[in-house]
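K.L.:
Sequence:
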Amino acid sequence: MQYLILYNFFMIKYLKEHKTETILVFAITIFALILRIIALQNFGDLWVDELYSKYFASKNSAIDITKALFKEDFHVPFYFVLLHYWTKLFGSADNVLRLMGLLITTLTIPVSYYVVKDLFNDFAGAFSAVLLAINAFNIHYSVELRFYGIAILFALLSTYFFVKLSQNFNKKWVICYSIFTLLLLYTYNFSFMYVFCQFIVGLIYFIKTKKNCSKYIGMYSLIGVLYLPVIVIILHNILTYQTSILQFVRDIFAFDLSCLFTLLMTIYTNCFEQFTTNDIMRNYYYFKYLFSFEGILYVVIPISIGIYGFISALKSKNNNIKIFIYPAILLLIIQIVLVFCHTLAFVLRYTIISTTLILLTSIIGLTLQIKPQNKKNEFVIAICSLWLILNLIFLFHAGKYSVMNRNIVYSQNLAQTVEKLDVKQDDYVFIPRFDKLVRFYIPQGNHIDIDTYDSLFLGNRPQDIEFIFGRELSAKLDRKMAKTYLYDYLVNDESLIYLHKNLKEKYFSKMHKGQRFIIVTDEALDTLKTNQEWFKKDINVYARSAIYYTLSAKILNDIIEFSKQDLKYKQHLQPSEMFDIYVFEKE
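In our numbering, each residue carries its 1-based index in the sequence shown increased by 237.
Be aware that one or more of the hints could be misleading.
Claimed, not checked - Simulated restraints on C-beta separations:
1) VAL646 to ASP686: 40 to 50 angstroms
2) PHE528 to VAL285: 46 to 56 angstroms
3) ILE412 to PHE528: 44 to 54 angstroms
4) HIS579 to LYS308: 54 to 64 angstroms
5) ILE444 to GLY707: 36 to 46 angstroms
6) LEU762 to THR477: 41 to 51 angstroms
7) VAL537 to ILE267: 24 to 34 angstroms
8) ILE437 to ILE412: 45 to 55 angstroms
What the hints assert, rightly or not - For lysine-lysine, the following BS3-like pairs were computed, each having C-alpha atoms within a straight-line distance of at most 27 angstroms:
9) LYS608 to LYS741
10) LYS452 to LYS409
11) LYS773 to LYS661
Source of the hints: derived by calculation from the structure; they are not laboratory data. This structure is a prediction, so every number in the text was calculated from the model and none was measured. Ideal Cβ placement from N, Cα and C applies to all residues, glycine included.
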């Protein structure tokens, strides 16, 4: 408490003595906050990952949240617990939930200023704050109802104190580093890889300097002990996932080398559209876009400036730069290697720690060239200004391609449409994918507890697998053989006899006259036939493809067809671009 009082005293004193700087940082922060509020207003519906955040935060207590994560997910609890108490205070409206992360992550702007200024120079601090303020990647994850934006804040503070303790290994820096590193570890599950990279880089440094090596290892040992509860959760879920039929990386996400180019776009430009790498064709569109005037202006030039700054930073003899960026580079290399080994999905948000620190390093590399009577000064200031202006113009003039106009359409009008249906308590409501999430909008009815996503990927719902595929086929299905055994079903359009039999015995035959069977789905059935044709033409295409979406759509299609055979088909509603509702009735 004494340290906290002293810190507040000196901080207030510092801000008063540096009024111009304080006003500048405050102005940049307010500008960043305004941009994020505009983005929030245009962000649209909660999408699936955000609904997961809402789902876990809606549990009764922090203990219940941790239990649910242990059983159903592999993420760590801090963010969801924080969101839980936020809902207690302010409610659970979509944008109210998003506001928590927005307010916290906006602090990244002043933090980036003071961190970069203290470690390097004033101009680097100011330019870092401004460029982060308008950075599309940072804006998006400040607004999205996920933990990535908060992870950036904790990672930046962890990195800062990591550099400080490399300069002077004392109690103050050790405590500060440990606190923010643990906050990072309890916020973002993949952050343990970054902390491991910090440990390796720091260990090499302290071995070279022959100072404080044992104390350094002791600090990480203590952090490891305090991190043990999360390690238990992660190990449990890794083992659980190993029993699943489909592999998350292989069967959802595609990858080729063109995806690495979108990484550069994410770091240095505001052309932020590619959330995941499912759609490789979009990457080839980007390559084509490069040869246009706009492509050169908004993509090639910012990337070229950023890479120039990054190379300049790496060539610098400044020791702080090495400690600052080497863990992030090592992390990115490990992630790319794991992607090539089909162990990790190459999703841009998974690289958010590395991409943010690489961006800041590029800025530092540019600004370190500004020295008294240096002929390069005007050139460096000019390209920094150009980079800033181009990214700012794209932010406001890219229309639907700008992060300021995301307008995600997912659950729009779903609740209103269901309300018009007047769902009775004995009506069966079947949401084959993400029932626990979509249930926020459809709380009525007798929900059928079968989830194709959880059963195919989590490996903790064997009863669902048996319900869908039957006991004999379920016993054969595993990660190695799933594609082989499911080929005839997916490609040759065979039906699942046991799925029909189980639906009939457990639901259709027990329904009374007038009782309804309502199927709600966000599946895209229109691509099913196209995929089947591709697979028929070339078995190698089938072998290489991520089959989850095709398999999930095929199961849904069968459920609809079986319902048509045994029940009266009443109507098909489409409350939004994402959802379809099929209504059946017992005659």
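K.L.:
Using the C-beta atoms of PHE528 and VAL285, is the stated range 46 to 56 angstroms upheld?
P.N.:
35 angstroms, violated
K.L.:
Starting from the hint 40 to 50 angstroms, judge whether the C-beta atoms of VAL646 and ASP686 obey it.
P.N.:
At roughly 27 angstroms between Cβ atoms, ASP686 and VAL646 fall outside 40 to 50 angstroms, so the hint is violated.
K.L.:
Hint check: LYS608 vs LYS741, CA-CA at most 27 angstroms. Holds or violated?
P.N.:
79 angstroms, violated
K.L.:
Could you see if the CB distance from LEU762 to THR477 stays within 41 to 51 angstroms?
P.N.:
For THR477 against LEU762, whose Cβ atoms are near 30 angstroms apart, the range 41 to 51 angstroms is violated.
K.L.:
Would the hint linking LYS773 and LYS661 be met if the CA-CA limit is 27 angstroms?
P.N.:
Given that 27 angstroms is the threshold and the Cα spacing comes to 43 angstroms, the pair is violated.
K.L.:
Hint says 36 to 46 angstroms; check whether the CB-CB distance for ILE444 and GLY707 agrees.
P.N.:
Violated: the Cβ-Cβ distance is about 59 angstroms, outside 36 to 46 angstroms.
K.L.:
Please verify whether LYS452 and LYS409 have alpha carbons no more than 27 angstroms apart.
P.N.:
Within the cut-off at roughly 14 angstroms; holds.
K.L.:
Is it true that the C-beta distance of VAL537 to ILE267 lies inside 24 to 34 angstroms, as the hint says?
P.N.:
Holds: the Cβ-Cβ distance is about 32 angstroms, inside 24 to 34 angstroms.
K.L.:
In this structure, is the beta-carbon distance linking ILE412 and PHE528 contained in 44 to 54 angstroms?
P.N.:
Check passed, 53 angstroms falls within 44 to 54 angstroms.
K.L.:
Is 54 to 64 angstroms respected by the C-beta to C-beta distance linking HIS579 and LYS308?
P.N.:
26 angstroms, violated
K.L.:
Evaluate the given range 45 to 55 angstroms for the C-beta pair formed by ILE437 and ILE412.
P.N.:
With a Cβ separation near 22 angstroms, ILE437 and ILE412 fall outside 45 to 55 angstroms, so the hint is violated.
Violation of the numbered hints given earlier is confined to hints 1, 2, 4, 5, 6, 8, 9, 11; the remaining hints are satisfied by the structure.
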